[in-house]
Amino acid sequence: MLEKFTVHAGRALPLRRSNVDTDQIIPAEYLKRVTRTGFEDGLFAAWRKDPEFVLNQPQYDGATVLVAGPDFGTGSSREHAVWALMDHGFRVVLSARFGDIFRGNSGKAGLLAAQVEPDVVETLWELIETAPETEIVIDLERREVRAADLRAPFQIDDYTRWRLLEGLDDIGITLGHEAEIASFEAARPAWRPTTA
Amino acid sequence: MGRTLAEKVWDEHVVRSAEGEPDLLYIDLHLVHEVTSPQAFDGLRLSGRRVRRPDLTLATEDHNVPTVDLDKPIADPVSRTQVETLRRNCAEFGVRVHSLGDVEQGIVHVVGPQLGLTQPGATVVCGDSHTSTHGAFGALAFGIGTSEVEHVLATQTLPQARPKTMAVTVDGELPPGVTAKDLVLTLIATVGTGGGQGHIVEYRGEAIRSLSMESRMTICNMSIEWGAKAGLIAPDQTTFDYLRGRPHAPQGADWDTAVELWRSLVTDDDAVFDKEVVLDASAMTPFVTWGTNPGQGAPLGAQVPSPEDFEDGGDRVAAEKALTYMGLEAGTPIRDIAIDTVFVGSCTNGRIEDLRAAAEIIKGRKVAESTRMLVVPGSVRVRLQAQEEGLDVIFKEAGAEWRGAGCSMCLGMNPDQLTPGERSASTSNRNFEGRQGKGGRTHLVSPLVAAATAVAGHLTSPADLPTRDDRS
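Protein sequence lines correspond, in order, to chains A and B.
Note that the working numbering numbers the first sequence so that position 59 is 59, with each residue one more than the last.
Counting the second sequence from 1 gives a position; the working numbering is that position plus 1000.
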């Protein structure tokens, strides 16, 4: 079971970069762990060496919402990218466009990847750069972002939204369809290859 | 209305479909490697679940494995633990694994096709974004995350929202010396890294039809680099000829049944794609990247662009950051960029045809003194085949390093890495910051450009090299 996600309120971190691939979110050298937690040390590891990097700026300590440029989470399928963000404390990423696999992984692991219009990202960047303490509200029930005067919709597919709201584990859901899987299997052509 | 190839394969695998839910798709082949699977197996253990179909699952060790000292234990203890964890998990759950030292070991996307496990019309998944490679056979193949790996292990299915469809039609004929890699790099520079997002892409047209299976794999492999969910090519005689006789290909009467079905796996004439991109192969030239994402590329004959060349503000900032990271000045002829390391390998260009192409150029020549060249076969089988053809000798005589099979310097999870500031010409798929080692700078190239570059010491194509007869 995932933790249920309904409304989240927290401070936000502006990441003024486009095409943030998952190699940047967590470099390969941090993927060697066989555990499911402890990936926060790898988060943006290369960029974090720069003291000016936004994640190192104290006014954004404790931010739980990441506001990023378009094409966030492209590249490698590593779910470790989602784990690293969550282990660091992020619950939501806002971007105008996500890599498909990253978005899928987020939905499975309980991170909300909310797609907003590019101008919403711009507005939020300006807002949180001027006033880092601004509280951003992400309302999954209404699919809405609210901050200061801003009130904007975000996109997320119905099924992922429902699973996050309910905190459901989708393996459990699928195993509920066991009979359908078994009957599909029984009808598969016998010549399909096996690894046996 | 007719259906596209992707829709036909999709429909064939729907276990369950309900209003407001994603389709539940059956998975014909689940490939597994050491990096993205340990937490998935742990999840099974925690919930007391088994692997539903170990007989549709295959594991191999590729990302972490060393390519030298193959007879010794893996030196890096963390890598060793991850590889040993895979072996333990496979033993516990009954999954076939090809470990280091096994003749079938290699990069998961090279191993599946060469065993004949990747077949037209199948669904193939793996916890690796380059699973799109298998689309070259007309399979629906895509990368998944670790939660989904666990889902497939437990259920052999995956809930998936139906993506849109796109056609990439490449007309004309590729000029000599221009390869599938140049084609796909040109495509990505044209459409951008997000251009395929949310779509399954079908590559079609004369230029695609005339490609070999291995070149088709190169194209499909890089589908993810422009954001596509999957990329596929309709199976044809080239596909059937490649598959026939492979260990897991259907045999006897089954072969005829299979081929009959496979021939129906084409997009109907009246099918409609949600989007179409058209390119002309005959206008293409050797193509390389100058930046830090695969869309930041240009013809080899061009100059490094200036950030001002980009209209979009985001692209301009991205170009600026990329040039700084890459240590490049706008206006520099790309051919003048000096290269420290040439890497030939990866699931993009680590198959036998790629090694043959590179060897053909390097034969009778020497790797430049300022440059090192690593040749890393995609699998042990590729390595053995190359050795049988004497390619290893050609590479070694030229001064290149002939290595064991694995992902190697494509992502630097093993010791094959660039050092900070070191610049590579690489036949792999990603030029992201630090991808091949912290601070490393990557230019993506074809195997032909890689080999010529190794000789010249700067980015170049075979056509630029002095002919061997002229060499004194």
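In case anyone wonders, no lab produced these hints; they're calculated from the structure.
A few of these clues could be false.
One side only, chain B facing chain A, incomplete, derived with CB under 7 Å [claimed, not checked]:
id, residue
1, Ser-1017
2, Gly-1020
3, Glu-1021
4, Tyr-1026
5, Pro-1038
6, Asp-1128
7, Thr-1190
8, Gly-1245
Which bits of chain B does chain A cover? Going by a derived footprint, with three or more residues having C-beta under 8 Å, they are [as the list claims (entries may be wrong)]:
id, segment
9, 1143-1154
10, 1329-1342
So these bits of chain A aren't anywhere near chain B, every CB distance computed over 10 Å [stated by the list, open to error]:
id, residue
11, His-8
12, Arg-17
13, Asp-41
14, Asp-71
15, Pro-132
16, Arg-151
17, Asp-157
18, Asp-158
The beta-carbon is built from N, C-alpha and C at its ideal position, and this holds for glycine as well.
Subject >> Ascending list of hint numbers which this structure does not respect >> reply: 1, 7, 8, 10, 12, 14, 17, 18
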